[in-house]
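Peer 1: Letter by letter, the chains look like this.
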Amino acid sequence: MAAVRALRPPFTVTIAVWKALFLREALSRLAQDRIAWALLIVEPLFHVSLLMWVFVSGFRQKAIAGADVGVFIMVGILGFFLVRNMMNRAMEAINASEALFAFRQVMPVDTVLVRAVLEGVLVLVLFLVMFTGGALLEYPVYPADLLGALRALGALWLAGLGLGLVLSVVGNLVEEFARLVRLLFTPLYFFSAVIFPLAILPPAIRDILLLNPIVHGLESLRVAFMPGYQVSPGIDLSYLLTFSVVLIFLGLALHIQYRSRLMTA
Amino acid sequence: MITFTDVHKRYWKRRGDPHWVLRGVSITFPSDRNVGVIGINGAGKSTLLRLISGTEMPTRGEIRVNSRVSWPIGLNRGLQRNLTGRQNARFICRIHGFEDELEDRIEFVRSFSDLDDAFDEPVRTYSSGMRGRLNFALSFAFEFDTYLVDEAMGAGDARFKAKTLKAMKMLASRASMIIVSHSDETIKSFCHAGVWLHEGRAYWFDSVRDALKEYKRSIRLGRAANR
Numbered sequence: 610m611a612a613v614r615a616l617r618p619p620f621t622v623t624i625a626v627w628k629a630l631f632l633r634e635a636l637s638r639l640a641q642d643r644i645a646w647a648l649l650i651v652e653p654l655f656h657v658s659l660l661m662w663v664f665v666s667g668f669r670q671k672a673i674a675g676a677d678v679g680v681f682i683m684v685g686i687l688g689f690f691l692v693r694n695m696m697n698r699a700m701e702a703i704n705a706s707e708a709l710f711a712f713r714q715v716m717p718v719d720t721v722l723v724r725a726v727l728e729g730v731l732v733l734v735l736f737l738v739m740f741t742g743g744a745l746l747e748y749p750v751y752p753a754d755l756l757g758a759l760r761a762l763g764a765l766w767l768a769g770l771g772l773g774l775v776l777s778v779v780g781n782l783v784e785e786f787a788r789l790v791r792l793l794f795t796p797l798y799f800f801s802a803v804i805f806p807l808a809i810l811p812p813a814i815r816d817i818l819l820l821n822p823i824v825h826g827l828e829s830l831r832v833a834f835m836p837g838y839q840v841s842p843g844i845d846l847s848y849l850l851t852f853s854v855v856l857i858f859l860g861l862a863l864h865i866q867y868r869s870r871l872m873t874a
Numbered sequence: 063m064i065t066f067t068d069v070h071k072r073y074w075k076r077r078g079d080p081h082w083v084l085r086g087v088s089i090t091f092p093s094d095r096n097v098g099v100i101g102i103n104g105a106g107k108s109t110l111l112r113l114i115s116g117t118e119m120p121t122r123g124e125i126r127v128n129s130r131v132s133w134p135i136g137l138n139r140g141l142q143r144n145l146t147g148r149q150n151a152r153f154i155c156r157i158h159g160f161e162d163e164l165e166d167r168i169e170f171v172r173s174f175s176d177l178d179d180a181f182d183e184p185v186r187t188y189s190s191g192m193r194g195r196l197n198f199a200l201s202f203a204f205e206f207d208t209y210l211v212d213e214a215m216g217a218g219d220a221r222f223k224a225k226t227l228k229a230m231k232m233l234a235s236r237a238s239m240i241i242v243s244h245s246d247e248t249i250k251s252f253c254h255a256g257v258w259l260h261e262g263r264a265y266w267f268d269s270v271r272d273a274l275k276e277y278k279r280s281i282r283l284g285r286a287a288n289r
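So the sequence lines, in the order shown, correspond to chains A and B.
Our numbering numbers the first residue of the first sequence as 610 and each following residue consecutively.
Our numbering numbers the first residue of the second sequence as 63 and each following residue consecutively.
Treat the hints with care, as some may be off.
If you want a taste of the chain A side facing chain B, the calculated C-beta under 7 Å gives, among others [what the hints assert, rightly or not]:
| id | residue |
| --- | --- |
| 1 | Ala629 |
| 2 | Ala708 |
| 3 | Gln714 |
Okay, the calculated bits of chain B under chain A, using three or more residues with CB under 8 Å as the criterion [said to hold, decoys possible]:
| id | region |
| --- | --- |
| 4 | 105-119 |
| 5 | 124-134 |
| 6 | 157-166 |
Simulated from the structure, these hints should not be mistaken for laboratory data.
Since this is a predicted model, take the numbers as computed values, not measurements.
Think of the CB as a built atom: it goes at the ideal place given N, C-alpha and C, for glycine as much as any other residue.
Okay, chain B solo, but in the shape it has when bound (with noise of 0.2 Å):
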C-alpha cells in the first residue's frame, strides 16, 4: 500500500515563482488493483511516479511506502552507457538483493531481451529499440509488489511489443501497477481504478472509465473556456 498525506511538490524556474505540481495531493494507492494515472502534460503524472520510486522527496507531506516498488520502468534512466548490458544487469541485481541468484536471473535478462550478443557491448553502442528492450527485461526479472511503469509499451519492434504485452498481463496476475499513459487502450485493458490529476491535486476513481470520461470533459470544457 502507499500512501499519500497532504503531498506538495514545488519545482524552482529559472526566474519568477516557484511552480507547484502537486498542491495537497492526499490519496492511498491500495496494493489489490492496477491504477491509471491519467491528466494532461505537466499535470504531473511522471512527478508523481517519481515520488513514489524515492527518487525525488516531496516538498511538503508524507509517503509512506511499505511493499516493495520497481523504479520507474520505461524510464530509460538508470543504465550506465559505458558499461555493457551485462556488467548493468549485474549492478541492478546486486542492489536488489538477489547476489545469490544472480547468474540466473542475468539469463533471465539476456534472453528475454533478445539481445544476443549484444548484451556484451557496452550501452551507448545500443540503438533505443535495443535500450528499451534492455530496460523491460531488467524490470521483469525481480518481483515487485508494485510496478511503476511510465508510457513504456512503445519499446521494440511488434514481436518485441506482444512479448512484453504478454509479460505485462502475467506481471498484472501476480502483483499491481501504477501506469501513467496517455494511451486509452492501454489504461483500459490493465488498470482497473483510475486516478487523475488536475490543477495540482488528484481525484480517485473506482472506474477507469469514470476517470477517462472526467478526464476528457475537463479538456473539452478547457477548450470552450479558451474560445
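With the rest of the complex left out, here is chain A (with noise of 0.2 Å):
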C-alpha cells in the first residue's frame, strides 16, 4: 500500500464529497426500484395531459390569455415541480443519509446542497424531453427571450434551493413541522397560480397571491416563453430572488448552527 498522504485541504474534501454523494443520490434516485425513472417523466406528462384535455375539450379553449394552452400549462407545471420536488427532497436528504455522518467528510449541509442541484438537473432534462415532445407535436414551445426563460427558472430554482435548506433543518428539529409543510404542498398548488392566468383574477384575490414569492417566478416564466401573455400587473421577479437569497443565507445559518443535532437526529 502507498505511503500514507499529506491531508486534504477542506476544499478538496468538499468537493470529493460532493461527487460522490452527487453520484450516489443519482443512482438511488432513477435504479432504486423499477419505475423511479418512468414516474420522474410520467407525473407531470399526467398533469399536463389532464389539465389539457380540461381546457381544450372542456372549455374549448385553445388560447389561454393570449398564450397557447399547451404551453402554458407546461411551464407552469414544471416550474411548479422544480420548487416543490426540491423543497420535498431537501427535506428528507438529512434523514436518508442518516448512515453517512459516520464518517467526519459529511455535512447534513451537504446532503442538502446536493439533492437540490440534482433536482434542478432532474427538471431540467424533464424541461427538455416535454419541449422537445411539445415541438414534434407543433406547439410553439421556442421561448422568445430565452435568457429571461433561464432567468425565471433561476430565481425558482434558488427559492426551492432557499426553501429546502430552511425546511431540511426545521423539518427536521421540529418533525410535526414537516408533515404540516407536505400538508400544504396542494394548497400551494392552486395559490401558486398554476393551472390559470393570475390576470382572470378580481384584484382582491390576486394581491394575496402575489405575496406568494412562487407566483412571481411562474408568471415571468411565461411571459418568457409567450411575449403575447397577458401577465398580470405586479409581477416582479427581483421580489422572488430577494425571497430566495434572504432563505438561502437563513438555510446555511441554521445548518451551521444545527450542525450537531442534525447528525445525531
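Reassemble the complex: the two chains are provided individually, in unrelated frames, and hints are given to aid placement.
Peer 2: If you want it as C-alpha cells, here you go:
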C-alpha cells in the first residue's frame, strides 16, 4: 500500500464529498426501484395531459390569456414541480443520509445542496424532453426570450434551494412541521397560479396571491416564453430573488447552528 | 496526535436533568502508541470515539485532531442498505479522496471481504456477518494515521477472524489505534497504553496492565459498596 498522504485541504474534501454524494443520489433516485425514472416523467406528463384535456375539450379553448394552452400548462407545471420537488427531496435529505454521517467528511448541508442540484438537473432534463415532444407536436414551445426564461428558472431554482435549506433543518428538529409543510403542498399548487393565469382573478384576491413568491417566478417564466401572454400587473422577479437569497442565508445559518443536532437526530 | 482540552459531553434525556457523559476530559493520544479505552457500560467509551471521529461535537471544550483518523471501525453505520456493496465502497472511496485509484481499492475490498457475487447485491440482503466483513474490508482499504476500533473483533466466522487478526497486526505496525473493547485479550495484545473512563473523567496509564488493574479494582470496590 502507498505511504500515508498529506492531509487534504478542506475545499478538496468538500468537492470530493459533493461528487460522491451526487453520483450516489443520482443512482438511488433513478435506479432504486424499477419505475422510479418512469414516474419522474409520468407525473408531470399526467398533470399536463389532464389539464390540457380539461381546457381544450371541456372549455373549448386553445388559447388562454393570449398564450397557447399547452405551453402555458407545461411551463406552469414544470416550474412549480421544480420548487416542490426540491423542497420535498431536501426535507428528506438528512434522514435518508443519516448513515453517512458516520464519516466525518459528510455534513448535513452537503446532502441538501447535492439534492438541490440533482433535482434542478432532473427538472431541466424534463423541460427538454417535454418541450421536444411539444415541438414535434407543433406547439409553439420556443421561448421568445431565452435569457428571460433562464433567469426566471434560475430564480425558481434558488427559491427551491432556500426553502430546502430552511425546511431541512426546521423539519428535522420539529417533525410535526415537516408534516404540516407536506399538507400545504396541494393548496400551494393552487395558490401558485399553476393552472390559471393570475390576470383573470379579481384584484383583491390577486393581491393576496402576489404575496406568494413562486407566483412571480411562474408568471415571469410564462411571459418569457410567450410575449403575447397577458401578464398580471404587479409581477416582479426581484421579489422572488430577494426571497430566495434571504432564505438561502437563513438556511445556511441554521445548518451551521444546528449541525451537531442534525447529525445525531 | 489527538488532544482533548477540558471536553464535556452532555446528552439530554427525555425528562429530568441532562446526563453528563464526559465531565472535563483533558488527555492526549500520541500518534506512536496504541491505546485501549476501558470502562464500564455507559462510561462514555463509544462517545469518546465518536467525538474523535468527528461525528459528534463536544458540548464544551476542544478536540484537536491533526492526523488522518478513520471512522469508528466495527460500527455497522455508514452502509446504505439499498445500495450494493460495490456502490457503498465506491462512495466511501470517493469521499476519502481516492478517486484516481478507485478500481484498485474496490478490488481489494471485494477480495478481502470474501463476498464474491454478493458484492453486487444490495447491502440489505446481507447477513450480519457479511456486513461486518464488508465493514472491515472497507476500513483496511485506506491508510489512516489512527484507526478507531469499536468492539469489532467479532465479525465473521473463524476463518475471517484469523484474517482480520492478521490484518490488524499489520495495521498496528504502521499506524496507531484507539481500541474500545470489553475483552482483556484484545486490549492486551494490541495496546501499549490504556485510558480508563470513570465517572466522566479519563485517566491515562502508560501501561495497559495498570489500566486494567485499576478498572477491576474500581469494579470490586463498587460491588463492596453496594453490598
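Peer 1: Does the structure break any of the earlier hints, and which numbers would those be?
Peer 2: none
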